[in-house]
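2 protein chains.
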Amino acid sequence: MDELLPGMLHLARDGGETLTRQLTDQLRGLITGGHLAPGQRLPSSRQLAKSLALSRNTVTFAIEQLAAEGYLSSSAGRRPIVVEGLSLDRRKALPRSNRAGGGRIELSSWARSLQRANWPPVHDGRPRPFQPGLADEREFPHDAWSCCLRRAARNAPLRRDRPINHPPLQEALLRHLVVHRGIKATPGQILIVPTAQAGLTLVANALLERGDHAWIESPGYGGANVALAAAGATVSAIPLDAQGMAIAAPEDTPRLIFVTPSHQYPTGRLMPIGRRLELLRYAEAASACIIEDDYDGEFHYEARPVAALQGLAPSPRVFYLGTFSKATYADIRFGYVVVPEAHIETFERAQRHMGMLTSITMQDALAEFITSGAYLGHIRRMTRLYKGRRDRMLQALAAEAGDRLAIEVPAGGMQLLARCHPHTDDQKLSARLDEAGVVSRPLSSMLYHRSGEQGLFLGFAAWNEKEIDQAARILGRIVR
Amino acid sequence: MDELLPGMLHLARDGGETLTRQLTDQLRGLITGGHLAPGQRLPSSRQLAKSLALSRNTVTFAIEQLAAEGYLSSSAGRRPIVVEGLSLDRRKALPRSNRAGGGRIELSSWARSLQRANWPPVHDGRPRPFQPGLADEREFPHDAWSCCLRRAARNAPLRRDRPINHPPLQEALLRHLVVHRGIKATPGQILIVPTAQAGLTLVANALLERGDHAWIESPGYGGANVALAAAGATVSAIPLDAQGMAIAAPEDTPRLIFVTPSHQYPTGRLMPIGRRLELLRYAEAASACIIEDDYDGEFHYEARPVAALQGLAPSPRVFYLGTFSKATYADIRFGYVVVPEAHIETFERAQRHMGMLTSITMQDALAEFITSGAYLGHIRRMTRLYKGRRDRMLQALAAEAGDRLAIEVPAGGMQLLARCHPHTDDQKLSARLDEAGVVSRPLSSMLYHRSGEQGLFLGFAAWNEKEIDQAARILGRIVR
Numbered sequence: 001m002d003e004l005l006p007g008m009l010h011l012a013r014d015g016g017e018t019l020t021r022q023l024t025d026q027l028r029g030l031i032t033g034g035h036l037a038p039g040q041r042l043p044s045s046r047q048l049a050k051s052l053a054l055s056r057n058t059v060t061f062a063i064e065q066l067a068a069e070g071y072l073s074s075s076a077g078r079r080p081i082v083v084e085g086l087s088l089d090r091r092k093a094l095p096r097s098n099r100a101g102g103g104r105i106e107l108s109s110w111a112r113s114l115q116r117a118n119w120p121p122v123h124d125g126r127p128r129p130f131q132p133g134l135a136d137e138r139e140f141p142h143d144a145w146s147c148c149l150r151r152a153a154r155n156a157p158l159r160r161d162r163p164i165n166h167p168p169l170q171e172a173l174l175r176h177l178v179v180h181r182g183i184k185a186t187p188g189q190i191l192i193v194p195t196a197q198a199g200l201t202l203v204a205n206a207l208l209e210r211g212d213h214a215w216i217e218s219p220g221y222g223g224a225n226v227a228l229a230a231a232g233a234t235v236s237a238i239p240l241d242a243q244g245m246a247i248a249a250p251e252d253t254p255r256l257i258f259v260t261p262s263h264q265y266p267t268g269r270l271m272p273i274g275r276r277l278e279l280l281r282y283a284e285a286a287s288a289c290i291i292e293d294d295y296d297g298e299f300h301y302e303a304r305p306v307a308a309l310q311g312l313a314p315s316p317r318v319f320y321l322g323t324f325s326k327a328t329y330a331d332i333r334f335g336y337v338v339v340p341e342a343h344i345e346t347f348e349r350a351q352r353h354m355g356m357l358t359s360i361t362m363q364d365a366l367a368e369f370i371t372s373g374a375y376l377g378h379i380r381r382m383t384r385l386y387k388g389r390r391d392r393m394l395q396a397l398a399a400e401a402g403d404r405l406a407i408e409v410p411a412g413g414m415q416l417l418a419r420c421h422p423h424t425d426d427q428k429l430s431a432r433l434d435e436a437g438v439v440s441r442p443l444s445s446m447l448y449h450r451s452g453e454q455g456l457f458l459g460f461a462a463w464n465e466k467e468i469d470q471a472a473r474i475l476g477r478i479v480r
Numbered sequence: 001m002d003e004l005l006p007g008m009l010h011l012a013r014d015g016g017e018t019l020t021r022q023l024t025d026q027l028r029g030l031i032t033g034g035h036l037a038p039g040q041r042l043p044s045s046r047q048l049a050k051s052l053a054l055s056r057n058t059v060t061f062a063i064e065q066l067a068a069e070g071y072l073s074s075s076a077g078r079r080p081i082v083v084e085g086l087s088l089d090r091r092k093a094l095p096r097s098n099r100a101g102g103g104r105i106e107l108s109s110w111a112r113s114l115q116r117a118n119w120p121p122v123h124d125g126r127p128r129p130f131q132p133g134l135a136d137e138r139e140f141p142h143d144a145w146s147c148c149l150r151r152a153a154r155n156a157p158l159r160r161d162r163p164i165n166h167p168p169l170q171e172a173l174l175r176h177l178v179v180h181r182g183i184k185a186t187p188g189q190i191l192i193v194p195t196a197q198a199g200l201t202l203v204a205n206a207l208l209e210r211g212d213h214a215w216i217e218s219p220g221y222g223g224a225n226v227a228l229a230a231a232g233a234t235v236s237a238i239p240l241d242a243q244g245m246a247i248a249a250p251e252d253t254p255r256l257i258f259v260t261p262s263h264q265y266p267t268g269r270l271m272p273i274g275r276r277l278e279l280l281r282y283a284e285a286a287s288a289c290i291i292e293d294d295y296d297g298e299f300h301y302e303a304r305p306v307a308a309l310q311g312l313a314p315s316p317r318v319f320y321l322g323t324f325s326k327a328t329y330a331d332i333r334f335g336y337v338v339v340p341e342a343h344i345e346t347f348e349r350a351q352r353h354m355g356m357l358t359s360i361t362m363q364d365a366l367a368e369f370i371t372s373g374a375y376l377g378h379i380r381r382m383t384r385l386y387k388g389r390r391d392r393m394l395q396a397l398a399a400e401a402g403d404r405l406a407i408e409v410p411a412g413g414m415q416l417l418a419r420c421h422p423h424t425d426d427q428k429l430s431a432r433l434d435e436a437g438v439v440s441r442p443l444s445s446m447l448y449h450r451s452g453e454q455g456l457f458l459g460f461a462a463w464n465e466k467e468i469d470q471a472a473r474i475l476g477r478i479v480r
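So the sequences go chain by chain: A and B. In this text, residue positions in the first sequence follow this note's numbering: the first is 1, and each later residue adds one. In this text, residue positions in the second sequence follow this note's numbering: the first is 1, and each later residue adds one.
Please note: incorrect hints may appear among the correct ones.
What the hints assert, rightly or not - Per the computed footprint, the stretches of chain B lying under chain A, defined by three or more beta-carbons under 8 Å from a beta-carbon of chain A, are:
hint, stretch
1, 35-49
2, 235-242
3, 273-281
Unchecked claim - Below are the SDA-like pairs computed for lysine to any residue, each with C-alpha atoms no more than 25 Å apart in a straight line:
hint, chain 1, residue 1, chain 2, residue 2
4, B, K387, B, G402
5, B, K466, A, A399
6, B, K466, B, S444
7, B, K184, A, T20
8, A, K184, B, T18
9, A, K387, A, A399
10, A, K184, B, A431
11, B, K387, A, T60
12, A, K184, B, G85
13, A, K184, B, A286
14, B, K184, B, A286
15, B, K184, A, G29
16, A, K387, B, R21
17, B, K466, B, L385
18, A, K184, B, K387
19, A, K387, B, G70
20, B, K466, B, S451
21, A, K428, A, Q470
22, A, K387, B, G34
23, B, K428, B, S372
24, A, K184, B, K466
25, A, K184, B, L385
Hints listed in this document are in silico derivations from the structure and should not be mistaken for laboratory results. Note that CB positions come from ideal geometry on N, CA and C, so glycine has one too.
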């Protein structure tokens, strides 16, 4: 052996990998490959160095490394021995019975259910008209934002005291929410989370026990359905009437109600104050909590928005959920949750336990973006722009498919619902549109109760008038 | 009433709020306050404009806004009526029985358990020596990083096609992990998550069913304990021997095993190759999965690190978990998980369902930071620096408290474990140190099996030699 080993090693002296590294890797390979038998003694480092024409140091380093890794056992003055049981040859190392399984692993029932979930719809490639849920990123002030980011990153070394939710962002955001959304809170109540969906997951897990009942709207937001179900809830879908979620005498009292009162998702309906108060009274009586998802509550075209449920509620049972993805641009991703003051500490612990923390540098950049006025300026400019696009979209759809689509004029937001004749198959229609380059989301995929409603959910905010007209023509051709 | 209403309104003409906004807000307040009774008719907008000396338009806008919000019902040519049931006066609006509860909400058993959890330890204020888990942020190249961030933000408009895990970061990170950690994977197997703890939550939920058994090390990482338990597992704590987790004949076969083979948390022990293979063989036989947490696997001081379990495993059942928080600086927060190739799609869906997505701008900045060489350069510089600090810490502790503390020399990482005499109360000792300005974590709070072991977990990486000497003197004084 002492004579064979040098011949099994092939060291390149081309200045690539160091010789120590090559020697270590090759010796390790010979051991795991079974070419050096367990219990075998290696030559001494002096011998090995000589036969390989290496420095003694090189060999000693390699031997020490392999001893540290556990491949060799060596003691002072003695030649190193190959440790037992290190061959990775599967035929020897593993019990026969397991090879048959091909190492398949079993996923949890939740993970298996993901393959069947129809949420979220994944659109590959570049966004195309009329994919819903998108703001126009071309209009976002990327330069102003990148300056905020750079400044925040440069100031990072000065911030060694770092609560997980950055007070300057909490304060800036709260001022905005108080004035524009009627939120009543202290800054500490605002948690900054990686995404609005993470906020939903957090609140659902903190409130729901396995088997609890929870309500969502139907048609409604699939992300809420999956988050409440994942937290163990039995989810009931409550149909809408003209004012939004139609609170009826329910079979099961909910512990948690998910609503989108600002512009109902996907119909765009504004829940009027009367229904808001009715919902709050119902929640009080049922001791239920409410998640108010104000996902695109910034963009109102008809009148000023109705005050948020959170600010109207007589007791702190409303969790207000928002996102920067719509009012800034999608990639910022951050969401926020306004939690009741009495539970701030518990929710901050929950954030840590689930790992739903975000970079303070990003939070600081957002704080500056808001306090500098860039945030509100952008929202105002986009509100005008998106209103124009909504109107253009209404016009174009009326011209191209007015007889086939009944469009609910949304009071705000970035998308609209175009209802089709009940005999339509909106899934097929949506698939045909997709082939022609127009993205939509079929209404039937957003219905969580039995209903024959058919329609298309279409985004208008991210496309200019020319793009809207072109896509509407394609849509009209296929719908007719 | 027609005559009273103008007297109830007080409009300021000082150029602050617009008159429309003042009028809207005040009318809304009168309705919700019960000063305008349900069913009551308001004066016509013409009359109101006249008596308030406002333009007709101002009044019309306010009425339309309140009608849109649902406070007033108005029809063409008729005077608007106050809608029923809008008073927010709690005494009237809410059922008596609920006022008694004070609006308290009930949290889930998970959320209630958070208040009792001893993880994570929260340190208020600026970090102090020897708080474990911290890298030295003063040494981080903040300028290079802020340039990467700004460039990535500026390039954002060009990136409209955005998979949730950014391929350039996956590729750059994989190259690093293959060379330095022995990972075997394709780039698509790497998921970028908001934090390593989020990655742990994600994997635990995708693998564990309620009642499944899971193993952690003891002493071990509290974050794993809470994540596995939150996912429904019955967690067993497996004591360590000199090689790490001591795989014994267990009562219950685990479905998931959490280990920190690189430097065991908190002992800093390196799991040698023999134990690694034993663990892999056990997992194969038991059809168990492994989460390999390589949280500070970048910093090795004695020899090159042992190859990761992930690369050694004969079948894809190891989830490799890493973080940028230790190798860059804590605020970047992002973690990553290498998942089996067969399950990429399921895990990406799981990321979306739980909202564990991160900004592509940040991911792109990290990709550039790695490919530019700044990442590896920083790791190499820090490895030299931290090794020096480890040695200084060993020296200082030996000099100040050598007779009271038995220190395990960690092969790498950023902290060490100093064992105390079994009669010590390490919780009390840690509290006394904290009062004196020295932060530690008592070993007993990291033990998950019955054991009388006592000790202090101390970080050395984030402090310079002077700070180490000073804090060691304080520690020595209190320990003696």
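Quiz item: Does G402(B) lie within 25 Å of K387(B) when you go C-alpha to C-alpha?
Solution: holds (20 Å)
Quiz item: Between K387(A) and G34(B), is the straight-line Cα distance small enough, at 25 Å or below?
Solution: violated (35 Å)
Quiz item: When you check the alpha-carbon spacing of K184(A) and L385(B), does it fall within 25 Å?
Solution: violated (49 Å)
Quiz item: Between K387(A) and R21(B), is the straight-line Cα distance small enough, at 25 Å or below?
Solution: holds (21 Å)
Self-check item: 25 Å Cα cutoff - pair K184(A), G85(B)
Solution: Holds, at roughly 22 Å.
Exercise. Take a quick look at whether K184(A) and K387(B) sit within 25 Å of each other, Cα to Cα.
Key: violated (51 Å)
Quiz item: Within a Cα-Cα threshold of 25 Å, do K387(A) and G70(B) meet the stated pairing?
Solution: Holds, at roughly 22 Å.
Self-check item: Agreement of K184(A) and A286(B) with the hint, judged by alpha carbon distance not exceeding 25 Å
Solution: Between K184(A) and A286(B) the Cα gap is close to 54 Å, so the pair fails against 25 Å, i.e. violated.
Quiz item: Do the alpha carbons of K184(A) and T18(B) lie within 25 Å of each other, as the hint requires?
Solution: It holds: about 22 Å lies between the C-alpha atoms, which stays within 25 Å.
Quiz item: Is the Cα-Cα distance between K387(A) and A399(A) 25 Å or less?
Solution: It holds: about 18 Å lies between the C-alpha atoms, which stays within 25 Å.
Quiz item: Quick one, are K184(A) and A431(B) close enough, alpha carbons at most 25 Å?
Solution: violated (38 Å)
Exercise. Assess, step by step, whether the Cα of K428(B) is no farther than 25 Å from the Cα of S372(B), and give holds or violated.
Key: Roughly 47 Å separates the two Cα atoms, so the pair is violated.
Violated hints, in rising order: 1, 2, 5, 6, 10, 13, 18, 20, 22, 23, 24, 25; the structure is consistent with all others.
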